Amino acid sequence: MRLGSIVMIVLLLVLIGAGTVQTKSLHISANTPETALQSFFAQVKAKHWDDAFAMVQPGSGVEKESFIKDLGGNNESLKTISALQDVKTKILRESGNESDLRADLQWSTAVGALHESRDFKLVNDEGQWKIVWTPPAKNDGPPKPLPTTYLRWDVVQRGSSRDEWGVQNVEPPRMRIISMNAIEYQGGVTILGEVVNEDTVPGFVTINAILLDKDGNSIAEESSFDKISHTLLPKEISPFRVDFANRKLADVKSVRISPTNILVPAAADPVVGVFNQRIEKDPNGKSILRGELVTQGGQTVNIPHVLATFYDQSGKVIWVSDGYVDKALLPQQAVPFAVDLRDDLAGQVQNYRITVNYYNSNRS
Amino acid sequence: MAIHKSSTRSTVILLAIVIVLASAAPSILRAFADEPGAGTIQISTTGAGPREVEETTQKAIERQYTAAWKNMTAALKDNRADLLDAAFVGSMRDQLARRIEQQKKSGTSTRYADGAHQVNVVFYSPEGTALELRDTTEIEQQTLDGSKVIHSEKVRQQYLVIFTLVEDRWKVRIMQALPTS
Amino acid sequence: MKILGLFLAIILTFASAAFAQDLQVPQNAVAGEGASISTSGSGSATFYLTGPGTSLKRDFKRGETISLSADDLAYAGRYTAALDGGGAQSFFVTAAKPAKLNFMARPSRVPVAHPDVISGVVFVLDRNDNLITTPTTVNFQLGIAGSAPTTRPLQSKNGIAWIKAGSGNREGAAQFTASVGDISAKRVVQQVASDPCNLRMKAQADGKNIQLQTEPIKDCSGNAVPDGTIVTFSESAGGRGRSTVDARVKHGVARATLPSVPGATLTVASGVVLGNEIRWSGGQ
Amino acid sequence: MPLAAIALLALAVHGPLLLMQLPAVSTGGSAQIFLAQHYSQSWFNPWNEKWFAGFSQTSYPPLTQQWVALISRVMSLTAAYMVVQLFAVILLALGAFRFARLWVDERSASFAAIGSIFLGSLSMLVYQSGQLPATAATALALHGVSYLYGWSRSAKVLSLIKGFLLLIAAATADHVTALFGIILFAIPAVVLAITDRNDSESSERTSSAAVLIRAAVMVGLVAISATIVLAPFWSSFLSPQQQIPLPDGSRDNLLLNFSSAVRYWLIPMGAIVLALPYLFISGLAERRLRPLFFAFYVAMVLGLGGTTPVARVVLGRFYESFSMDRFTFWATLLALPLLGELATRLIERYSVKATIALAVAAVLTFSIPLAYVTAHPPSTNPFRTEPIANFLNRDNHDRFRYLTLGFGSQFAELATRANASTVDGDPSVARVLPEVAGFGAAHFDMARNYGSAGMESLRAVLKHASQYGLKFIFVRDRYYEPLLAFAGWRQIESYENGNVTLWSKEDVPPLKKIEPVNPISWFERMTWGLVPMLCSILAITLMIFFPERRRVMAEPIPFPSAETQAHRMQEAR
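Chains as they are written, first to last, in our numbering: chain A, 1 to 364; chain B, 1 to 181; chain C, 1 to 284; chain D, 1 to 573.
I should point out that these hints are in silico values taken from the structure, not numbers from a laboratory.
This structure is a prediction, so every number in the text was calculated from the model and none was measured.
Now the in silico label distances, taken between C-beta atoms and shown as ranges:
1. Q348/A x R312/D: 48 to 54 Å
2. V10/A x S351/D: 34 to 40 Å
3. R279/C x K47/A: 50 to 56 Å
Listed next, the stretches of chain A that the computed footprint assigns to chain D, with coverage defined by at least 3 CB atoms under 8 Å from CB atoms of chain D:
4. 7 to 16
5. 222 to 233
Capping the alpha-carbon separation at 27 Å, the derived lysine-lysine pairs in DSSO-like fashion look like this:
6. K121/A x K281/A
7. K61/C x K104/B
8. K157/C x K59/B
9. K105/B x K61/C
10. K154/B x K57/C
11. K214/A x K463/D
Every residue, glycine too, gets a C-beta built ideally from N, C-alpha and C.
The whole structure should be built from the sequences, with the hints applied where relevant.
Laid out in structure tokens, this is it:
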């Protein structure tokens, strides 16, 4: 029966071998440009920076530290709380020892899935394909720390005595919806608009929308969620977008919009400038609104969020789109951003407006 | 003799019927109080001002005032102050809680049976956070010591009620019986 | 059955009335003041008093006077005094003199020079929070430091007096006072600048950038808009893109830095108010 | 009295640890306590409003939770859980003895039972994962399978009744054991019954077919009854509900992932790893033991998870539904009879030295998992959930729903303490909210661990916060803060020195109760509420009051001195 034992052990080893080969096949291999890039991103996904950097063609300006910062993020940016989820690679050009590839990266981030399209050049280095890493564009000098002298509003809460009848409380700030538009898009109904804080104190606003049928009954209820800048300083305007999936505009008789606003503590800093805004076509032919974000104060912005409002000739809001920027904004340093624009609307857009919302990890 | 016997029997039967009916009187009176329309509240907003009463506010007040009477009746009957929070606030809640506390101590309780309410909104504050109404209703009130009915009466009563908006609900803050003119 | 019930109720009412002669209840009781109830007859009995916030049970000897403390009659409303074995009388306790004004002034912030934007509602209460339903004169006074206040006396109705007033032309903390006799309640209504009026900016070259600065931003009544107000500077350079900065007002003016693009158009706005426009020639 | 001694040893070893309530903070343990709390309050109504905005507890077999609920009448829920777990461990040791007795002599079976108390895999399941249902169901299944052997081989009606009741009880304790565990133990037992059919003292000859038919009758009866009793469970379990697979180390390739290999294989196997060559040689050496070896082999290969392709192929859609460590647990249990025999042989040959070595091996196998649990506690930086529960229980805060993010195993602990309802729930009892149906069931508390799909499903439910009355979110992992801030929640409070923050949304209306989804019939409520408990009580009563022949047990067993001849072919006890 020793034979039987040997057979069982061999069978076990074969099964383990099969399982390991199957798993291993997903790991390091750099025989072709595509597998090399896949392997590279497998290391990035596992955050094995050393192994990933080993697949980068050594060259001037390629430093491991900046390489890790580029892929793993820094300054508590969105990248630092992102994980690479999926990679799709495509060969753009192949010639002998050089190849151009495009990687469509899907990141899982704290604010949802993010897509990134990035082009890479690979060179064949003694049979192994290596990635030619383009270091991120350096800004002019190190960040300049500037003192923050803007004011801050604090809300002093009254002690929670049981009965506060007749005691004067501070009202929530006055907010006003200055425009609203309902459209049908991708099999659903979308409500677009803008809200302004007309008051002299900051406010926190959320927009709830209810679709009503011809009998006044509620069909669906949704909120603006993250398609709005919730904290509005005095006279600040934010766009909002409320999406209702699987609804038809024809079924909707009216829309009930209910903004909820409260007085909140807020700081007037940071001020973010949006420079060089322009509508372009990306390599895939899609319309994109691009620009650069620059903080004008001395504060770092960890996660910027860009909201774009698009207007037609009559000044009507025809679309609102948004995008998160995966790099932190350091004082006075420009960080590029790109926001999608619906191709079918690109021709109608006469004007647009960018609002920058942000999250700071030290924000209370 | 036969006549005498017969009249004695009749007297006993009659007395028995009277006793039975007398003991059932509170129930009968309550049955009357529970006639159709008892406890129903109809709110008129005619003459309310300075702010016009919104339809949703009117419905909310109707609902909350009905709940207030229901909760107050149950709280005073069973001596349960925890039932008050849903519909009362401030001094009215404290007032009822104090009464329940005293009832508990003395082993007494109060039963209310309210009839139909005719309610007029007399004031609705400009900013929409306070509302005053005048209610005319007929109530039957019984004071009980343990299970023994000490006193029972049925009166027509007028109340001045102030509702205030607390968080997201209208609650009774003042409910004051007015002297009958 | 209904007739029988009615008959019994009448009998019970008459019976109660007969026993009620045993009790002499106060006729003009005032909330928060003591009172007494005199009784007749002999022997011991139990006395019950139910009313708003009160439920008393006391043993006593018939013929004695039952005294009720200020606390027993703290609340205004209908009270019922009853004896075990029958006998009951009801009486009303009215609210005492005004001791507290519940003053709801709205809003706490208001733009200047707007009519009927301030409202004040006063609930006239005694010291035990009973609503004083007899008409009472309430004086409302609204004014800002340095100017004569406006005073209006109004009669309360059902315990409530209310007023609507417009905001003044000057920003600052307006004192809003309601008083009855020597009792008063004070609230502050912050009168704030209205929307900017005549928003103007100037531009200055600063190397590769343009420094933009507004003139002191004021509303149409001449009040400076509060610091922190958003002012949007825009630079539009046709096909070369556009730049914007949402600056905050600080010490009455707003500043921003934009890239210098010759031929660009510079505009300024705050909320829905638009300011002047500058065509940037490159700093010359 | 070896049985009593084994029970006492199990009590002595596990009693103090369970008294310390070690499993209370484990993910599985706290979830079981939560589910038991509902039975303690509402035995016959499985609709529990505190998770998933309302879900039916028929989505998890009820037996152990009902036992905990019953015992919690006289003590706290946590203490009741520990009592039931202790009972399960003792029952497991006795079951290991009974099962081993089918294969090996009494002395070896005693060693096997002692070994079961010190199993690393058991320690991991009890103290790390809090798998009370799995351990209890396996214990019941071991006894049940032994009676299956007795009935199949000798047609004893009492064995049929006991086995039937025990296997039903096992199925109503844990569905994975019902689907896979019972099969792994039953097949070798039935094959053994066929082998042993004519070895009894009786001169009557029995055919293989008769044994098989009897086995089929019992298994069929169990299958039908379990299907009827657990009907509400099967309908939800087998519905094509998508579940996002949670990364689980037990499905890793253990050769390529050392930490997973340690956690899911080396520590559960413990000193058994050293005995593997013996198991392979001895298990195949004798024809009678081969079925046992093959069952062990299959369980071990399945327990290797992603190291071989077998588990993925064999388990199909269930592969990603549960952790593979229970297959390793079953493998170690299936190895015990052979290990018991090995212990007997070693002690025969090396006496005291062997005894000491075996004792050290057993103690190490048992203590290393405990050290691992201490080093890798189920809840890192445990915190007090009382202040959070107090917040939810006061000022009508339970008019709204809440959500926790990053609470880990303390998620269920908070759910047990709080009166308020959450939109989340343990994935083992997953009800998929309509909003997240497109992404699959996920435990929002650990949404980030599910990757993009998890975060998208979290976004989807947050978008409908108003519909669910979801106002309060307690965050223990700052990872989620940007999403909440951008979505309109504001931080309003912090607890435990800022370790946990409370976020609130202003415009959320109070919750609307959700009516039971697919409410079950009165009959189903009754069978669900009564049959599992009755089966387990009746089975244990029968086992105690109607024990099988004590022919062998009457003989004194020399311990630890050697026995000259091993008795292998004795009946189940």
